[in-house]
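As given, the protein sequences belong to chains A, B, C, D and E, one line each in that order. All letters in the first sequence, in the order written, are residues 1 to 303 by the UniProt record's numbering. All letters in the second sequence, in the order written, are residues 1 to 303 by the UniProt record's numbering. All letters in the third sequence, in the order written, are residues 1 to 303 by the UniProt record's numbering. All letters in the fourth sequence, in the order written, are residues 1 to 303 by the UniProt record's numbering. All letters in the fifth sequence, in the order written, are residues 1 to 303 by the UniProt record's numbering.
What the hints contain is simulated information worked out from the structure, not anything from laboratory work.
You can't tell identical chains apart in this list, so a pair holds if it fits in one copy or across any two.
Simulated crosslink set (DSSO-like; lysine-lysine; CA at most 30 angstroms straight-line): (1) Lys245 - Lys8; (2) Lys287 - Lys8; (3) Lys33 - Lys8; (4) Lys220 - Lys180; (5) Lys256 - Lys33; (6) Lys287 - Lys223; (7) Lys207 - Lys22; (8) Lys287 - Lys220; (9) Lys256 - Lys226; (10) Lys177 - Lys256.
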Amino acid sequence: MNVTPRVKEILSWYEGENPGVKTNLARLLMHGKLGGTGKLVILPVDQGYEHGPARSFAPNPAAYDPHYLYQLAIDAGLSAYAAPLGSLEQGADTFAGEVPLILKVNSANSLSDSVPDQAVLGSVDDALRLGCIGIGFTIYPGSDNCFTMQEDLAELTREAKAKGLMTVVWSYPRGGKVSKKGETALDIVAYAAHMAALMGATIIKVKPPEKGVDLKDAEKSYKDIKQDTLAERISHVMQASFNNKRVVVFSGGGAKDADALVEEITQINAGGGFGSIVGRNSFQREKSEAVALLNRIVDVYKG
Amino acid sequence: MNVTPRVKEILSWYEGENPGVKTNLARLLMHGKLGGTGKLVILPVDQGYEHGPARSFAPNPAAYDPHYLYQLAIDAGLSAYAAPLGSLEQGADTFAGEVPLILKVNSANSLSDSVPDQAVLGSVDDALRLGCIGIGFTIYPGSDNCFTMQEDLAELTREAKAKGLMTVVWSYPRGGKVSKKGETALDIVAYAAHMAALMGATIIKVKPPEKGVDLKDAEKSYKDIKQDTLAERISHVMQASFNNKRVVVFSGGGAKDADALVEEITQINAGGGFGSIVGRNSFQREKSEAVALLNRIVDVYKG
Amino acid sequence: MNVTPRVKEILSWYEGENPGVKTNLARLLMHGKLGGTGKLVILPVDQGYEHGPARSFAPNPAAYDPHYLYQLAIDAGLSAYAAPLGSLEQGADTFAGEVPLILKVNSANSLSDSVPDQAVLGSVDDALRLGCIGIGFTIYPGSDNCFTMQEDLAELTREAKAKGLMTVVWSYPRGGKVSKKGETALDIVAYAAHMAALMGATIIKVKPPEKGVDLKDAEKSYKDIKQDTLAERISHVMQASFNNKRVVVFSGGGAKDADALVEEITQINAGGGFGSIVGRNSFQREKSEAVALLNRIVDVYKG
Amino acid sequence: MNVTPRVKEILSWYEGENPGVKTNLARLLMHGKLGGTGKLVILPVDQGYEHGPARSFAPNPAAYDPHYLYQLAIDAGLSAYAAPLGSLEQGADTFAGEVPLILKVNSANSLSDSVPDQAVLGSVDDALRLGCIGIGFTIYPGSDNCFTMQEDLAELTREAKAKGLMTVVWSYPRGGKVSKKGETALDIVAYAAHMAALMGATIIKVKPPEKGVDLKDAEKSYKDIKQDTLAERISHVMQASFNNKRVVVFSGGGAKDADALVEEITQINAGGGFGSIVGRNSFQREKSEAVALLNRIVDVYKG
Amino acid sequence: MNVTPRVKEILSWYEGENPGVKTNLARLLMHGKLGGTGKLVILPVDQGYEHGPARSFAPNPAAYDPHYLYQLAIDAGLSAYAAPLGSLEQGADTFAGEVPLILKVNSANSLSDSVPDQAVLGSVDDALRLGCIGIGFTIYPGSDNCFTMQEDLAELTREAKAKGLMTVVWSYPRGGKVSKKGETALDIVAYAAHMAALMGATIIKVKPPEKGVDLKDAEKSYKDIKQDTLAERISHVMQASFNNKRVVVFSGGGAKDADALVEEITQINAGGGFGSIVGRNSFQREKSEAVALLNRIVDVYKG
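Only chain A is shown next, with the shape it has when bound in the complex (with noise of 0.2 angstroms):
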């Protein structure tokens, strides 16, 4: 398929990038069933590091094995698949140019009490040996390690543009000023946003954005700002994102209903969302029923 006008219109957006990058985020913008829309839903797996095996696989044991999430999000049409480096050598050679391939380069565990932090275990290198389009990190605004994080997000940007990858960064903030409701505050997602703008992410993923002002300093700016739905306050995410210039996707969070999730989705979408990034909500439903659900929320973004 060609690429589209909007999807043309999209690289367009990307000025500062080569034309590897550009290629790389148009061959994850024409694969799947969303393939042109501009639109995209990626289906994202490292909660097994993060939280665990049984915590992330229990409720659909299938998913245990790293072959079932490479179909999963090959059968239901996704734009990509993301995850640790031993899950995608797990399937890379099997699935090989099935789906495009980002690879998650940093993971955090639910062992550690120290402050929140993620090491390192993916490389560039692994990245264009598996045939990935890009590498994602996650950041942690706010932690007493934010800075030493971003500055390895930084790096990391540099080399893997410099191969033609692209990037999606995690932009969570969590500890220093931000209060554990705060996470999800809108000032604190619209910032999270901005941040990853600013260190060129080519893809930035935050949470849906609730509302309420978590920055005692950002009150004052936020009178004037609609927040009532949730549509409204994608809205204002997506000018934190260079006035909607960036691809910006959002979380699915915690196993849901699935009527929830969709209207969640159609909110996201109304508001202007570029997509949806769907783990748990995908992986920990039985196949067919994931496979359902995700076909609905793809025929959200279609629109």
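The hints should help you fit chains B, C, D and E onto chain A, whose structure is shown.
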């Protein structure tokens, strides 16, 4: 489109390659009008460097503009476009994601009368920066420079594959014990393909072999090898390419009558060849005529 | 002996690895009395560095001599011998080619009372120079140092695998949210195995899991996971290891009664575990007694 | 099988080598039907690159497929299989662990008519990645390029041995003061073996020496050296190889009558040669015939 | 003088070392009055850096001059002289070839009150440039810095041995779980020697062990280990050093009565220790007295 069983079968032959190389090979084999068939047609334009601009583009002056060449490959639904650094750079942004690119990293010229050689002008990093699926390299087995050219290829191959890029090797015997006429003799072309396979070429490019054996020492070995038809000769070249388990494509050679070219390609296809690289016979024709001819070629390979 | 179908099947699971890594894994799985069965028993001797010499070797002073340890692994027909640099060097020439070697590259010690950590003392080049089939590395998920340890492992893994060496990961949660007793709880051990798999471990080494769930957040996920018998718990750990597609071995722990150890190993085998790493229970016994016990263990895995 | 006393004795001669090199030498000498005897038979297939595919494989077209060559070495129970990069890659995964591999890193071709030379196409890292026990390299003492070839070998040897790989040196005098007929004269072959030993070759490969002295200056020295029988000549070559303390193997040469080959090998064995490298005489015969002949050769060395 | 059978026997224990390291060990063991006996006495002068100049040299102001220290080692016929960079440089030219030199590459100081640590001040290249036979390095097992110190030693060891230099490891437990008094307890000293052996130390330097077990966990293991006399304790330390197969030398400690020192050394010798490192007890005495005392010590080791 999902990777077809035929393309998966072809990927399975490349057991020495990492998933990155296989992914890029899948991108090539899944793209364009022949996508999924296991066959391919590539547009190569290195004649400007090799023969000079007027000899290359005067027959169809629109082709002086690199954008024209990109558009030709796209409009004809070809599998890939291969060209030297400057040509690719002039269009890689405009056409990002529209057609798989191969960076031809070395180039000969028609001004030198030294022993056959080429200058290495592009790099693996250039190919990554431009979003290419692989690099192309010419060797001249037989030339007094052949050892150096082979060593350069070996080094670039190691680097390219480590980064997930495929290699396309133009294997063109020239000089040394090879007579001018013998450059396309069956034994020489089969030998050329075999050497490229042994050097790890992902895609092997040779000329359509003519009847005859050029190396005296090889004559005896050819007494039982059928070579009356081009299809028979192609079949032997394929045998010499890991017993049909490498993708070998054949050049279209100098401009010629369309019917003659289609007939030649019919024979290549009948002999088990995987496709064609059609340069002068496409870009030296006016565009609609070129696309029409390329459509006929594609149809041959579609079978 | 030819590589058996079972070993070939195991190799086929490691699709992300190059032939060098697979060759070394085949060397491991084809060696010794269990050669070809897909099961394995490894002799590890890093206790001298970790616990001091007398605590390790006073029960059987012959073991102060590194040659004794090589000879024990050889005489008992074990699959491999794993030890720190100095131990391996004192015997690698004398016993060249007699038993597969694993260089344990990092080591803890009992004098430090800092947060759990290990010093990286050996290198990939050391392993190659000594003729090893792989490197061994300990991580302490949970420790405040866990991020650094994981990053060190990631880097060493990349280097080792590029050179064709396998990795054996001792995954021992310690510190952080993990209680002392919880270090061997089922959820923690399964998590430990899963993390090692995601980091690309060729062989995963964990402790036999005990009943119970240590992380509060994981309790709910375990309500349907059987854990009454050791075999059931082993079975869950294997599930967490890419759905039984990674070679996981279990430590023998502190010196204990021979019958108790054999019973434990019978359960490990019944649960689908691939083998044991038996240190103190072998080298702290007088040699003939140690070999007799190891023979019993081997017999269990022979089935 | 435990390393035999004879193999241990052979290892003890290589006092300059680290345990990695000795381990790989032990792997070679303990493998296949001759495993443990100290004798060896290697299947080398570099003729495709050197003579062209038809001259190499037309007599037995099954051999066009690299998998066939692996299987031949395995079925005949040979000690090792040696080939250039592309050939080894096409099978290294499928046959991982089944037969020791030697990566032939440089290759000549029959198209060039320059002074004798070879292109260096493989690397030590390639050998490690493919799970090889060593690298193979050809030198042409006498050629105008001999100094460069020897320096390349010296550099590769340093790197290979530091990584624990052995070296196999094809020492084939050619050009310079060496007459065409003299390439296999006793003095030249003994000189070739000696040079390889002095360059640190783990295994030396030379041609069976013929009667006669090619270098005028050497004639006087040979007046008391017996050379009437091949066994006597082999005995002198062994003497020239650190007084019988290097493993020297002899090539089988062009295809010939089976009885003649077995008789030649009987003489090689009688003279103290360690084994044979049998290429064309094995892969150019139909498989069952080839295996039968290789069995006869193996039986000679078994004594 | 030819290398004596005893020294050859000692060299044979170092099977992991290349001939360069063995040659330097032979230089050490064949030099001075104890040359050939397998015993050795080294003059170390790093106290200036560690304790300050006046505490080190005021008792014998001649020792402020580095030349004096060289001359002392030479006049007393000692086996080697060990010192930090500046000391060695001030004399290495004047006394070139007169006494084996060991460059102490790290040094503590008495001004810092941080956790026990040392600064790495010299390099392997410095040692080569100065004609040294090896480098010396201190580790403080137990210290919060112990992991870093061990990693630094591991790296320097790799470099030093690759260049043919031996290593002398001052293994001094300090901090962590080690009590102040326990620093010289039998279990701690044996542990210290064992760790140094496992890190590949050519020569191990520890303090003469005192009666007692410092680590609670080790108490049980010591119930059958004799430790009443210093000779018995030395014997255990030697056992912990690869079962007597490493050269272990003991420090003389602070200045003390000559007879007491000689008696202590008599016990060290009786227990199987290989020698002494005598610093303050030599250079803090007036020269003739120092030489007389050193002669008495040498006589003890001559036996």
